[in-house]
Amino acid sequence: MIEAMIEIESVSKAYDGRAVVNDLTLSVPKGALCVLLGPSGCGKSTTLRMINRLVPFDAGTIRIDGQDVTQVEPDALRRRIGYAIQSTGLFPHWRVEDNIATVPRLLQWPRERVRDRVTELLTLLRLDPETYRGKYPHQLSGGEQQRVGVARALAADPDLLLMDEPFAAVDPVTRDALQGELKRIHAATGKTIVFVTHDIEEALRLATLIAIMERGRLAQVGTPLDLVERPESDFVREFVGVQGIGLKLLSVRRVADRVRRGESAEGQPIPADATLADALAAMIAQRVERLPVVNGEGVVGAIALADLVR
Amino acid sequence: MRALKTPVLWVGLLFAALLIDMPALHPLFSAGFPAVKPVIFDRAGFIELFLSHLGLVAVSGAAATLVGVALAIFVTRSVGRDFLTIANMLAIIGQVFPPAAVLALAVPALGFGPRPTIVALFLYGLLPILENAIAGLEGVPAALREAGRGMGLSPLQLLRDVELPLAAPVILAGVRVSVTIGIGTATIGSTVGALTLGTPIFDGLAGNKLPYVLQGAVLVALFAILTDLLFGLAARKLQPPGS
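For the protein sequence lines, the chains are A and B, in the order given.
Residue numbers 1 to 310, in our numbering, belong to the letters of the first sequence in order.
Residue numbers 1 to 243, in our numbering, belong to the letters of the second sequence in order.
None of these hints come from the bench; they were simulated from the model.
Treat the hints loosely; a few may be bogus.
Incomplete in silico selection of chain A near chain B, CB under 8 Å [stated by the list, open to error]:
#1 N52
#2 L54
#3 R63
#4 Q67
#5 I85
#6 G89
#7 F91
#8 H93
#9 L106
Cβ coordinates follow ideal geometry from the N, Cα and C atoms, glycine included.
Start from the sequences and build out the full structure, keeping to the hints where you can.
Structure follows, in structure tokens:
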């Protein structure tokens, strides 16, 4: 049993007598990228905001790393948790550097350490530190602003990151790139991330664990593959999408599971941790039926078009 | 060199020259109004009138700014939101009451002199400041407040570091309107014994001496224009760097 980073136990929240979150119990293991998924108004955002106490809850307990959140002073709690939201919430009158440094400065880090940390984070988010640190948010593109938003959430090196539809307001191409970055950062840092979205594709692509919500209740919790292959209710089946289910399966299965070890092929190699959908896209783009598969150590085999439908 | 191109310098120089040496225009006024003796207002020095006028506007303007901004901060917090309508209503009442009526009511309580004038100017100047301060604070996008709170800024830090700096240009615009109007309105203080640049105007009207009215009116107008221009400069300075 992996240790839990967040334990939500029988938590409820009502606004004016209407239950928004109803007896919710969810455990998020350390290092998970847990996506809270559901239609608007299902309580996913409220749930996220109860974790850092932006929204007080009426009943139940929430523990972070074993500690009851109501036992911690709210501002101190929030400074320990990274937070990124839609439309970034970057302060327009502060430079990129100052925005990223928000929490470290609240924590009164020494000036040198703050500067080094900003450099480190801009590099991690693939923004050239010297070009970007002095810019103002309005001088950045939407995608760059989101990167700075993520960098700001990571600034004080929190173990836990809460993200509320952070990529909802950017164009599809940029969103795709940002999702890639987030996956990479998650893999590289091992941080626990709770990510709210209503976009099933985004959830399937990012999550190690999906908690799908319906009208304030948990409808199903599982890996992306679980949700696509074994939906437990009509709601989940419909939300995940009956149409295009085959393509969804391709987008949650990995090349590594289908690779023909030791075989070889011509063409651009595809990484073993890419999805089958990526592999299909690469085959179509290169007009080939076989691709070499690589991992960190080199070519490990090949994958053929027929393997995708096995 | 750029200073030469700004009207502030020219208006300021003209204003100062007239304050210091209005009698230099003696030949001009004598030619226009040969019957009026003396043709230049001399019951008090123009510099003295200006300083007293400036004092009245500065004190009432500072008080209206402090109270207006403080009230706006209060009614835009969650604890004070219920008072938003009441605050707006009070300020509107202050605005619709003619300053002359306020003066008439204030004199019995406060006596003659500068004090009733300050009260009237304060009440009259409160609305534009309060309105703009509320608009400025409410104009701060909810996402910024949300992000700030979510990162652990205390309410006070959020107000000081995010909300007030972002609302500052709008607040300043309200102060600018309030003070510029206040400079004109302050002249009526002269009817209850305050010294202002309106004193020559009312003396001239009472004694049928048109040159006094002209001298007072030109100085008041220049004072108001100069102040407005100075606020314009300040507004450019205050524009947040990120815009």
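Contradicted hints - numbers only: Checked against the structure, the hints that fail are numbers 3 and 4, while the rest are satisfied.
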